[in-house]
Amino acid sequence: MPSDTPLMPRPWKTRLALPCVAFGLLLLAWELLARFAGWSTDVFPGPLKVFASMGELIANGTLLKHTVASLFRVTLGFYLAVLGGIPLGIMLGRWQNARLLINPMIQFLRPISPLAWIPLAMLWFGIGDKPAVFLIFLSSFFPIVVSTTATVSAINPIYFQVGANFNFTRWEMITRVIVPAMIPGTITALRISVTIAWLVVVAAEMIAVQSGLGYLILDSRNALRMDYVMDGMIVIGLIGLLLDYFMRRLGRIESAGWHN
Amino acid sequence: MGHIVIDNISKAYRNRRRQRRAGDDPELRYGDQILVLDHIQLEFQDGEMVCILGPSGCGKSTLLKIIAGFDQPNDGRIVIDDRTVTRPGSDHIFVFQHNGLLPWMTVWENVGLGLRRMTDAQAKAERIAEYIEMVELDNFEHHYPHQLSGGMQRRAELARALAVNPELLIMDEPFSGLDFLTHMKMREEVVNMHEFIRKTTIVVTHDIDDALIMGDRIVVMSGQPSGIKLDRRLDFARPRDFQKEPALNQLRNEIFLMLGVPYAV
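Line by line, the protein sequences are chains R and V.
Residue 30 is where the first sequence starts when you use my numbering, and the numbers rise one by one after that.
Residue 680 is where the second sequence starts when you use my numbering, and the numbers rise one by one after that.
In isolation and in its complexed conformation, chain V is listed as follows (with noise of 0.2 Å):
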C-alpha cells in the first residue's frame, strides 16, 4: 500500500538574509529561525500521482527531502501506511535531478542496487532484467552513467527506484536539464510507468504544464513561509490536451494568477 499523511510539518532554517528580512514578524519566525514549510498539512491515497508544484525557493524541494527521510522536520511527521518516517529506506525511494547514478556503477549494477539481499541469483538477474527492459536500456546494461544521455540516465534511474517495488516514488524536478523533445518524451513514459504500476508518486516541478498533465491530484505551493495554495484533483481524461480541454486551460490560467505570472504576454 503507498497511503501518505503528511502531518502538520514545519520546518525552519538559518538563513541570514531571509532572517533580516523578516524582521520581527512572528509569522516567519522560529525561535531564532526562519520558517520555511508552515504547519502542511496533505493526505495521498494509494497508487496517486501528486504534482506539487511552486516558485523555486518556496520549499517544496525541502518537503521532498524531509518525506525521504534526508531532512528531519521541526515539527510533525510523515506517516507511509501507518508508519512514521525517521529515515531514509527503500520503501520510499527519491529520484534525484542529477546524477542519481553511482557513476562507478554500470546500469546493471545501479539497478541491482536494491536487490542485494536477493539470495537467488537468478531470480535477481531476471527482475533487473526486467525493469532495465522496462525502460528500454536493453542494449545498455553494461555502459556506465557517463556513457548515457540525460533522458536515458533518468530512466535508469526509474528503473532503479522500481526494482525495489517502493511503496512511494519522490521525484524532484525529473525533467530538469532535458532538452525539450526529451521532456516531453520521458514525461510521458512516466505517466504510462504511472499508469502501469499505479504506484505513489510525489512529482515536485516548477512547470504548470507537466503539473496539470500529469497529475491525478495538483497541489501548488507558494508564500513565505510555504502553504498550500491549491490542492485540487485532475479528473480530465488522458491523453490530455489543453486544447481539448478547455476546463484544463482555465485551470491553467487560475493558477498562473494565483503565482502572480500573467499566463498571456
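So that you can see chain R by itself, here it is in the shape it has in the complex (with noise of 0.2 Å):
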C-alpha cells in the first residue's frame, strides 16, 4: 500500500488533474452505456447529443433563463432561512427555558420532508414563485436552526465569564462573543444546507412554476427529450458543485487568523 500523508497538500495540478481522470471516467462509461445497453438515443442518449443539445439550449438562452429562475428562488428562500434561523438559533442556544420550550417542536417538524408540505403550499401560496420558495425556505431553516443552536450552546464558557468580567452590554456580548465563536461553525452548517435547499428546489419546480431547471426537466419529460433531461441534471450539478465550492472558499477567509 503506498503510504499516505494527508497533512501534506498536493500540488494544485494534481488537485485539478484527479478530478478530471474521474469525470473522464464517468463520460466514458456513459458513453459505452449509451452505445452498448440496447436502449434508443432516444430513451438513452449519449454524452455527445446531449452536449449538442446542451448547446441548443444556451443558444436560444432557454437554460440561462432555468438557471436563473432557478437561483433566484434558492436565493432567496435560503436568504429567508438564514434571516429566520440563525438568530433563533442564536436563542435557543443561549437561552435554556426557550430550547425547552421550542426545541421539542422544532425536532417534531424538522424530520417532515419539505416535498410533504407540497399539497399545503401549494393551497397555501397558489402557484408561482411562492411555494417554491417556501419549501426552499422550509428545507434550510430547520438545518440552520439546529446547528447554530449546536454551535453556540457549545461555547466554551469562559468566553461569556470574560465578557461579563469586562462588563460587556447584551449586544457586545453578542457582536463580540457569539457571533465570532459561532461563525466557523455556522458556515459549515450553511454549506450543507445550501446544498439541500438546491435539492429542494428541483422538485419545487415540479408543482407550481413554468420556469427554472425542475420545470425544465419536468417539460422535457413530457415532450420526450431525455437530451435535455440530461442537460437540466447536468447543469444542477455544476451548480451544485460550485455553490460548495464557494462555501467553502467563505469559511476559509473567515477562519484564516485566528482558527486554527
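Just so you know, the hints here were simulated from the structure itself, not pulled from any lab data.
In this text, a Cβ means the ideal position worked out from N, Cα and C, and glycines have one as well.
Hints may be right or wrong, so weigh each one.
Unchecked claim - Partial pick of chain V residues on the chain R-facing surface, computed with a CB cut under 7 Å:
1. Phe775
2. Trp783
3. Leu794
4. Met797
Claimed, not checked - Some chain R residues well away from chain V (every beta-carbon gap over 10 Å; in silico):
5. Ala63
6. Ala145
7. Ile187
8. Ala193
9. Glu201
10. Arg205
Build the complex from these two chains, which are given one at a time in their own frames, with help from the hints.
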C-alpha cells in the first residue's frame, strides 16, 4: 500500500487533474453504456448528443433563463431561512428555557420532508414563485436552526465570563463573543443547508411554476427529450459543485486568522 | 483601594456522590444540598498578595468564582471597598487557568478589551502599548492567541487584566499546564509585577512552594466542608529562598503535615 500523508497539501495540478480523471471515466462509461446497452438514443442519449443539445439550449437562451429562475428561488428561500434561523438558533443556544420550550417542536417538524408540504404550500401560496420559495425556506430553515443552536451552546463558557468580567453589554456579548465564536461552525452548517436547498428547488419547480431547471426537466420528459432532461441534470450538478466551492472558500477566508 | 472582606461565605451544591457519602451528618448538609464552603471569613488589606492553598476539590476554586461574581454564595457576601459584589465587573478581574484570551482577537485587541469606553483613541493606544510592553509582548501585538506559547498567553491575559486598573486581581492556578522553567519564570514575573503595582491579588494554588514564595500571606483551606486551617502573614524578605530561610522551610513542613502529606519520602 502506498504511504499516504493526509496533512501534506497536494500541488494544484494534482488537485485539478485527479477530479478530471474521474469525470473522464464517468463520460467514458456513459458513452459505452449508451452505445452497447441496447436502449435507443432517444431513451438513453450518449454524451455527444447531450452536449450538442446543450449547445442548442444555451444558444436560444432557455438554459440561462431556467438557471437564473432556479438560482433566484434558492437565493431568496435560503436567505429567508438564514435570517430567521440564525437568530432563533442563537436564542435557543443561549437561553435554556427557550430551548426547552421550542426545541422538541423543531425536532418534530424537522424530519417532515419539505416535499410533504407541497399540497399545503400550493393551497396557501397558489402557483408561481411563492410556494417554491416556501419549500426551499423549509428545507434549509430547520438544519440552520439546529446547527446554530448546537454551535452556540457549545461556546466555551469562559468567553462569556470574560465578557461579563469586562462589563460587556448584552449586545456586545452577541457581537464580540457569540458571533465570532460561532462563525466557523455556522459556515459549515450553511454549506450543508445550501446543498439541501438546491436539492429541493428541482422538486419544488416540478409542481407550481413554469420556469426553472426542475420545470425544464419535467417539461422535457413530457416532450420525451431525454437529452434535455440530462442537460438539466448536468447544470444542477455543476451549480451544486460551484455553491459548495464558494461556501468552502468563504469558510477559509473567515477563519484564516484565528481559527487553527 | 483594594480592601476585601469575605464575609461569612457558605456555598452548597447538589452532588449526588458526595451527598450519599455525607449521609445524615448535619455538619455536611445544607437543606438537601451538600455544604462545600462553611462560613468562610477572611479580610485582605489593600495591596496584599494572598495565596490560598488547598487540596483539589476543597472548594478554593468555588470561593474564587464567588469572589469574582461568577457564582453566588448561599450565605454571606463579598465586599470590595464597602461595595458588595453582586456580579462580575472590571474592578475585580479574574485571570483564567486556560483559554482566558478571546481567540478571535489579537493580543492588542484582547488587552484593549476593558478600554472600549475610552474615547481618546491615542491615550487608549498608548495604554494598550504600555501594558503589552510591561509583559514583554511588544513584537506580538498582532498575533492571535493560538500563535503564542502557553506562557505568553498567560502574560497577555495578565496585561489585559492590569490595563483596566482593577482593585482586585483573582488568579486561578496561574501556572498550571506550564512547563517547569516557564512556571518558575512566570512566578518571578507575577511577584515582580505585584511589587511594582501593589494591587490586592488573590492567587489560588495547590503548590505549597508557590504559595510560600509568592504570598504576603498564606491561607490554607481544607476539609469537607472547607474551612480555614491556617491564615498567616509571611514577613520573609525577598527574594525568598527555602535554603536560606529555615523558618520558611519549617512552615512548609507544617503545612505538608496539616494537609496530611509527608514532606520527606
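Can Phe775 (chain V) be said to touch chain R, with a Cβ gap under 7 Å? holds (6 Å)
Quick one, is the Met797 (chain V) hint okay against chain R at 7 Å, beta carbons? violated (13 Å)
So is Ala193 (chain R) really clear of chain V, every C-beta pair being over 10 Å apart? violated (4 Å)
Does the nearest C-beta of chain R fall within a distance shorter than 7 Å of the C-beta of Trp783 (chain V)? holds (4 Å)
Evaluate the condition: distance from the CB of Ala145 (chain R) to the nearest CB of chain V exceeds 10 Å. The assertion about Ala145 (chain R) holds, with a minimum of 40 Å to chain V.
So is Arg205 (chain R) really clear of chain V, every C-beta pair being over 10 Å apart? violated (8 Å)
Distal placement of Glu201 (chain R) relative to chain V, Cβ over 10 Å: About 8 Å separates Glu201 (chain R) from the closest Cβ of chain V, which leaves it inside 10 Å; violated.
Cβ separation check - Ala63 (chain R) to all of chain V, threshold 10 Å: Answer for Ala63 (chain R): holds, closest chain V Cβ roughly 53 Å.
If I take the minimum Cβ distance from Ile187 (chain R) to any residue of chain V, is it greater than 10 Å? The assertion about Ile187 (chain R) is violated, with a minimum of 5 Å to chain V.
Under 7 Å is the threshold here; is the Cβ of Leu794 (chain V) close enough to any Cβ of chain R for the hint to stand? violated (9 Å)
Of the hints listed earlier, those the structure fails to meet are numbers 3, 4, 7, 8, 9, 10, in rising order.
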